[in-house]
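**Q** First to last, the protein sequences are chains A and B.
In terms of the numbering used here, the first sequence opens at residue 1 and continues consecutively.
In terms of the numbering used here, the second sequence opens at residue 1001 and continues consecutively.
Treat the hints with care, as some may be off.
Below are the EDC-like pairs computed for lysine to aspartate or glutamate, each with C-alpha atoms no more than 20 Å apart in a straight line [as the list claims (entries may be wrong)]:
{"id": "1", "chain 1": "B", "residue 1": "1191", "chain 2": "A", "residue 2": "256"}
{"id": "2", "chain 1": "A", "residue 1": "191", "chain 2": "B", "residue 2": "1208"}
{"id": "3", "chain 1": "A", "residue 1": "191", "chain 2": "B", "residue 2": "1111"}
{"id": "4", "chain 1": "A", "residue 1": "289", "chain 2": "B", "residue 2": "1208"}
{"id": "5", "chain 1": "B", "residue 1": "1191", "chain 2": "A", "residue 2": "225"}
{"id": "6", "chain 1": "A", "residue 1": "286", "chain 2": "A", "residue 2": "327"}
Computed from the model, here is a short list of chain A residues facing chain B with C-beta under 7 Å [as the list claims (entries may be wrong)]:
{"id": "7", "residue": "100"}
{"id": "8", "residue": "251"}
{"id": "9", "residue": "300"}
These are computed hints drawn from the structure, not numbers from a lab.
Each residue gets a CB set at the ideal place from its N, CA and C atoms; glycine is no exception.
Number of protein chains: 2
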Amino acid sequence: MGRDHGDGLVAIAGRIGVVTSVALNLTVFAFYLRGRFFGAGAGAGDKEAGKKVKKAAAIAPSYGKPPVSADSIINLDHGDPTMFEAFWRGPMGERATVVIPGWQTMSYFSDVGNLCWFLEPGLEREVRRLHRLVGNAAAEGYHVLVGTGSMQLVQAALYALAPPGGAAAPISIVSPAPFYSSYPAVTDFLKSGLYRWAGDANAFEGDEYIELVCSPSNPDGGIREAVLKSKSGKAIHDLAYYWPQYTPITHMLAHDIMLFTVSKCTGHAGTRIGWALVKDREVAQKMNKYLELNTIGVSKDSQLRAAKILETVADGYERQPAGATGDASLLFHYAQRQMMQRWRALRAAVTASGIFSLPDEVAGFCTFAKDTVTANPGSGRTWKGVDCRELTMVYVAPCRLTP
Amino acid sequence: MGRDHGDGLVAIAGRIGVVTSVALNLTVFAFYLRGRFFGAGAGAGDKEAGKKVKKAAAIAPSYGKPPVSADSIINLDHGDPTMFEAFWRGPMGERATVVIPGWQTMSYFSDVGNLCWFLEPGLEREVRRLHRLVGNAAAEGYHVLVGTGSMQLVQAALYALAPPGGAAAPISIVSPAPFYSSYPAVTDFLKSGLYRWAGDANAFEGDEYIELVCSPSNPDGGIREAVLKSKSGKAIHDLAYYWPQYTPITHMLAHDIMLFTVSKCTGHAGTRIGWALVKDREVAQKMNKYLELNTIGVSKDSQLRAAKILETVADGYERQPAGATGDASLLFHYAQRQMMQRWRALRAAVTASGIFSLPDEVAGFCTFAKDTVTANPGSGRTWKGVDCRELTMVYVAPCRLTP
Chain A
1 MGRDHGDGLV
11 AIAGRIGVVT
21 SVALNLTVFA
31 FYLRGRFFGA
41 GAGAGDKEAG
51 KKVKKAAAIA
61 PSYGKPPVSA
71 DSIINLDHGD
81 PTMFEAFWRG
91 PMGERATVVI
101 PGWQTMSYFS
111 DVGNLCWFLE
121 PGLEREVRRL
131 HRLVGNAAAE
141 GYHVLVGTGS
151 MQLVQAALYA
161 LAPPGGAAAP
171 ISIVSPAPFY
181 SSYPAVTDFL
191 KSGLYRWAGD
201 ANAFEGDEYI
211 ELVCSPSNPD
221 GGIREAVLKS
231 KSGKAIHDLA
241 YYWPQYTPIT
251 HMLAHDIMLF
261 TVSKCTGHAG
271 TRIGWALVKD
281 REVAQKMNKY
291 LELNTIGVSK
301 DSQLRAAKIL
311 ETVADGYERQ
321 PAGATGDASL
331 LFHYAQRQMM
341 QRWRALRAAV
351 TASGIFSLPD
361 EVAGFCTFAK
371 DTVTANPGSG
381 RTWKGVDCRE
391 LTMVYVAPCR
401 LTP
Chain B
1001 MGRDHGDGLV
1011 AIAGRIGVVT
1021 SVALNLTVFA
1031 FYLRGRFFGA
1041 GAGAGDKEAG
1051 KKVKKAAAIA
1061 PSYGKPPVSA
1071 DSIINLDHGD
1081 PTMFEAFWRG
1091 PMGERATVVI
1101 PGWQTMSYFS
1111 DVGNLCWFLE
1121 PGLEREVRRL
1131 HRLVGNAAAE
1141 GYHVLVGTGS
1151 MQLVQAALYA
1161 LAPPGGAAAP
1171 ISIVSPAPFY
1181 SSYPAVTDFL
1191 KSGLYRWAGD
1201 ANAFEGDEYI
1211 ELVCSPSNPD
1221 GGIREAVLKS
1231 KSGKAIHDLA
1241 YYWPQYTPIT
1251 HMLAHDIMLF
1261 TVSKCTGHAG
1271 TRIGWALVKD
1281 REVAQKMNKY
1291 LELNTIGVSK
1301 DSQLRAAKIL
1311 ETVADGYERQ
1321 PAGATGDASL
1331 LFHYAQRQMM
1341 QRWRALRAAV
1351 TASGIFSLPD
1361 EVAGFCTFAK
1371 DTVTANPGSG
1381 RTWKGVDCRE
1391 LTMVYVAPCR
1401 LTP
């Protein structure tokens, strides 16, 4: 479901336009548009790329998905970050292999002395190491919590920050529009008495709220800061896309609660591992309580695997492994190149189609790349010229993007 | 945290007595009581067993727990099913090893054609095969859903069965006392407007409710059926302990919603994999929706591992592997022997102590073992003679069981 899914998305798409999770569908999108608007006579480059897509589909593991072709219909409802799979099939992939014997990780516990007693020490170590390497977030002095993906951690943070029961009314959860399509659904689906979705942060009036700040933003890739500034208000920073392949790293962020996920960082969505950096001990304890009650901790197998994957990424930069040339050992460089190529293809196709528009390119100095680089948002938003409300995800797929 | 943890447990322990998750702490418990009540002059058998415990502790993986000794303090707050680890270190363990290369299971999806699109086909196959082998639950004609442990599936089922929003009042969630200590906390921690904990099913009056039926019951190991019979009432059967090592398998159950977990079936608690067998398609869809919104599916790494483990268990019975003698290839037989030995040790120690009492032994004909066998509950309940309310989990640990 990528980070765009469900009723929430349809509702928002209806209101604000057509939301496309670009990172996930970009290839299909570009190929479809090319197939449709450039006709069958695709250039040599297209054919080459088409072969690659076909080959990847042929050896795809258990997605259960049909192979991608020029006639594929674009599913804008959700995405799937398998675009980095080729990197992990390269020379670094073998280093990231995990072997788990039958007797391992049987216990509920990973470290009974840790606040987050189900967090594998190896994962915590590699999370801190990766943030030091990339410089995108301060991890020192922060508690590390692990979640089943970062959306579970969003819910843990809402639980931790909301005033405990007995309050007169649930606290308002807001986010500046256009916001990530799952936020309203995830906030409201259990009709919690602790918190309630209150929509666009820009339109919110009041001092008591929790603001969800998604930066770079899903859906539009923009860099965001909390728009509300009340002293009693609280913020949760969802930084899933704050990695060098999506955006220049301009600051080492140090917010109270910062959320990340391997699905966007390394492309391992199926592993369902997210993590939170939490400044305040009491908040971290309450978030941990949520994770205990909700799922009694987090898969240790996936934690061991995520630790190995993050270790491999950092090793690729810090230990210059033999046998890997170009960016084959440098995940962020490889991934940035992929994203750039896809955005280029998308811009060309969209311009030719005349149906959609795309946000302008943004560049900035990246402290990690030590260079000025273009942002390649992991998600993007496109508009149809008129009557966007009708062109929701539900209609896009069957009508094959016909206006 | 086993299946006994948190504020809920303390509250219930205060009301109904001292709850012990026996499966998890039985060794420690028996050794502590022996050490305390039989003095330092332990027999040769005790010494031998003591050595084994020490050896196991020395090679323990990353629990972060101190080694067990005769001076260990019993933590009755929770348990940890690592007692089957020795089986998985035996000849069958190697067969259960999984190897996951860096490029595998990156997608969110496992089978886009399945109602539960994040369920690995291999896990579904092995779940169905195991139920056919053991004969404890009908899987044919049922939808299989996977969860991050079975407690997530309890919450998914509450969400699916509760009347959708807009209802005048949240539906009542009940369970016959003594009930599993986490049920109230898990039901109420988000103060959902969809459902609310209403306590003992035996004391409930009304027609609209969801009854949680835990059988064999945690905490007392008893075989349970739904106590409420209203036509409009609904039941969720939590069958975590309905495996041959804990109780005779007397019926192939065929309830509307049946929940299981590898943590109690094979001992792999850290893997966090549970599954649901659901009769009604619409209910299965709503449960799936919960899993999508809560954690966007379930770790594929853990699913692959759970599939391999269940496959190994079934192979042990159906393919008679070479090199495994006695019950070394037969998980349920091995585990039943372990449980029986521990209950025997516990009964001896408890009788000698005079402080606690234990439930009477129950036996029945097991269709799986094709023999009359004694139940060896995975959890047990003990009472202090007087003023149980004071002897909650909180006090037991520091006071070393001193009355």
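**Q** Look at each hint and say if it fits the structure.
**A** Hints, verified against the model:
Restraint check for residue 1191 of chain B and residue 256 of chain A: the C-alpha separation of about 25 Å exceeds 20 Å, so the hint is violated. The hinted pair formed by residue 191 of chain A and residue 1208 of chain B meets the criterion: a straight-line CA distance of about 19 Å does not exceed 20 Å. A C-alpha spacing of about 30 Å is found between residue 191 of chain A and residue 1111 of chain B, which places the hinted pair above 20 Å, so the restraint is violated. For the proposed pair residue 289 of chain A and residue 1208 of chain B, the alpha carbon gap of about 30 Å is over 20 Å, so the pair is violated.
Only pairs whose Cα atoms come within 20 Å are accepted, and residue 1191 of chain B paired with residue 225 of chain A is rejected, the gap being roughly 30 Å. Under the criterion of a C-alpha separation no larger than 20 Å, the hint pairing residue 286 of chain A with residue 327 of chain A is inconsistent with the structure, at around 41 Å. Against a cut-off of 7 Å between C-beta atoms, the interface hint on residue 100 of chain A holds, since the closest Cβ of chain B lies about 5 Å away. The criterion of a C-beta within 7 Å of any C-beta in chain B is not met by residue 251 of chain A, whose closest approach is roughly 28 Å, and the hint is violated.
Because the closest C-beta pair between residue 300 of chain A and chain B is about 4 Å apart, less than 7 Å, the hint holds.
Checked against the numbered hints above, the structure violates hints 1, 3, 4, 5, 6 and 8; every other hint is satisfied.
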